[in-house]
Amino acid sequence: MTEIATESDEATEETKATQLPKPTGYHILVSMPVIEEKYDSGLLKADTTRQFEEVLSTVFFVIALGPDCYSDKGRFPAGPWCKKGDFILARPSSGTRLKIHGKEFRLINDDTVEAVVEDPRGISRI
Numbered sequence: 014m015t016e017i018a019t020e021s022d023e024a025t026e027e028t029k030a031t032q033l034p035k036p037t038g039y040h041i042l043v044s045m046p047v048i049e050e051k052y053d054s055g056l057l058k059a060d061t062t063r064q065f066e067e068v069l070s071t072v073f074f075v076i077a078l079g080p081d082c083y084s085d086k087g088r089f090p091a092g093p094w095c096k097k098g099d100f101i102l103a104r105p106s107s108g109t110r111l112k113i114h115g116k117e118f119r120l121i122n123d124d125t126v127e128a129v130v131e132d133p134r135g136i137s138r139i
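This note's numbering numbers the first residue of the sequence shown as 14 and each following residue consecutively.
Just so you know, the hints here were simulated from the structure itself, not pulled from any lab data.
Check the hints yourself; a few may be wrong.
Distance windows between CB atoms, simulated [as the list claims (entries may be wrong)]:
| # | residue 1 | residue 2 | range |
| --- | --- | --- | --- |
| 1 | 84 | 58 | 40 to 46 angstroms |
| 2 | 58 | 97 | 29 to 35 angstroms |
| 3 | 81 | 61 | 26 to 32 angstroms |
| 4 | 59 | 133 | 22 to 28 angstroms |
| 5 | 50 | 138 | 17 to 23 angstroms |
Glycine is no exception: its CB is placed at the ideal position from the N, C-alpha and C atoms.
Could you build the full structure based on these sequences and the hints that come with them?
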C-alpha cells in the first residue's frame, strides 16, 4: 500500500514533489504566490487577510501543462499562451483548488490564462 504523507508528517522535498498531480487534458497546474506576513509598514497581517489575499490572487506560477494544452489550432492559432515556468494572470476564482502540505495549488484550463508577466512583484488585485 502506498503511504500518503499528511501535513503533520516530515515529508522530504522529493516526496512532496512526487505528490503534485500531473495535469491531464487541457489543464495547467499552477502554484499560488507566497503571501507576505507583514505590510510594508511592518504591521503583521491577520491570518484571514493573508488567506483572502491567497485565495483571490490573480498571479500564478505555471508548474506543468497537460498533454492537450493549446493543441487546438483553431482556438490557439498563434500557439501556446504560456509555458512551464511562466508567471501568469488569471481570474482569482479560476480552477480547482487543492492543498498539498499546506500550500495551495490550482488546476486551471488552458484558455483561462489572460496574460504572461515578466515580474509579478507589485501586482495586486484591486
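Violations among the numbered hints: Checked against the structure, the only hint that fails is number 3, while the rest are satisfied.
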